[in-house]
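S.K.: Sequence:
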Amino acid sequence: MQPRKEIFPNVIELNFQAGELLGCNVYLVFEGNEWLLIDIGFEETVEDYIDVIRSIDFPLANCKTLVATHADVDHIQGLAKAKQILGTSVTSHPLAVKALETGDKLHTFAEIALQDIHLDMPPVKIEHQINDGDILEVGKLKLEVWHTPGHTDSQLSFRLGDLLFSGDNIYRDGCVGAIDAHHGSDIPAFIKSLERIRQSDVKWLLPSHGPIFRKDDALLDKTIARLNTYLHMADFGTCAIDWPLMDEWEDEIVKGELPK
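Sequential numbering of the sequence shown, starting at 1, is according to full-length UniProt numbering.
Keep in mind the hints are simulated off the structure, nothing from the lab. Be aware that one or more of the hints could be misleading.
[Claimed, not checked] Using 25 Å as the maximum straight-line C-alpha spacing, the simulated SDA-like pairs for lysine to any residue come out as follows:
| id | residue 1 | residue 2 |
| --- | --- | --- |
| 1 | 142 | 120 |
| 2 | 192 | 243 |
| 3 | 142 | 204 |
| 4 | 105 | 133 |
| 5 | 64 | 192 |
| 6 | 5 | 214 |
[To be verified] Here are the computed distance ranges between Cβ atoms for each label pair:
| id | residue 1 | residue 2 | range |
| --- | --- | --- | --- |
| 7 | 203 | 114 | 11 to 21 Å |
| 8 | 241 | 48 | 40 to 50 Å |
| 9 | 228 | 180 | 11 to 21 Å |
Ideal placement from N, C-alpha and C gives every residue a C-beta, glycine not left out.
Could you put the whole structure together from the sequences, leaning on the hints where they help?
M.R.: Now the structure itself:
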């Protein structure tokens, strides 16, 4: 048996445990013999993650559920395979259910033809739906469910004491999960989600990609300010709420102003 590398008490991140980057961050939360996984990553790495779990002596039959933070292929493509191996259930936000159960390639970003991305998206039955304010219990532990939309409409975060499993909301470098109109991203909702994190008293953010980091209010303020500018930029197409330049252009047309 390998020694368990708990990042925090009752929390293991499987890439860190393996000592190599296999994919998105996959968190194993446990208390006693009961455990669950937050995300699972691509189908091709499912067996690697399960081998890691075996190596640190967690009985596979004691997996309470597989939790999808949101319905993006890089987080959930392996759900059907992992569910079959572990004999467990799958849990998600209601807004992710249709995409997951139908294997919707467009909704999950498994199919992006213009970038030559063509991935399988095996459908998976969702047994449990959770929403903001619900509690996920693992043994005696209680994870508070936060609905934090913006990157996607189904994005979930989970609070465990001073920790927040923060999904694709923000990373240590101040970047956020991709904003894309075809993905259903919502910048005003994203800002509200970041403000909620900023105003909370959590101490650590455990994102779905990249290193875990201490909550930094200055970093969050800077990121929120940047996203506020996105609201008024043509760069973000229909994700933006307006484009002030066009109002300026209309005024110049009416006034007959020549280029300066």
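S.K.: Hint by hint, say whether it matches the structure.
M.R.: Going through the hints against the structure:
no.	hint	verdict
1	142 - 120	violated, 34 Å
2	192 - 243	holds, 21 Å
3	142 - 204	holds, 17 Å
4	105 - 133	violated, 29 Å
5	64 - 192	violated, 31 Å
6	5 - 214	holds, 18 Å
7	203 - 114: 11 to 21 Å	violated, 41 Å
8	241 - 48: 40 to 50 Å	holds, 43 Å
9	228 - 180: 11 to 21 Å	holds, 18 Å
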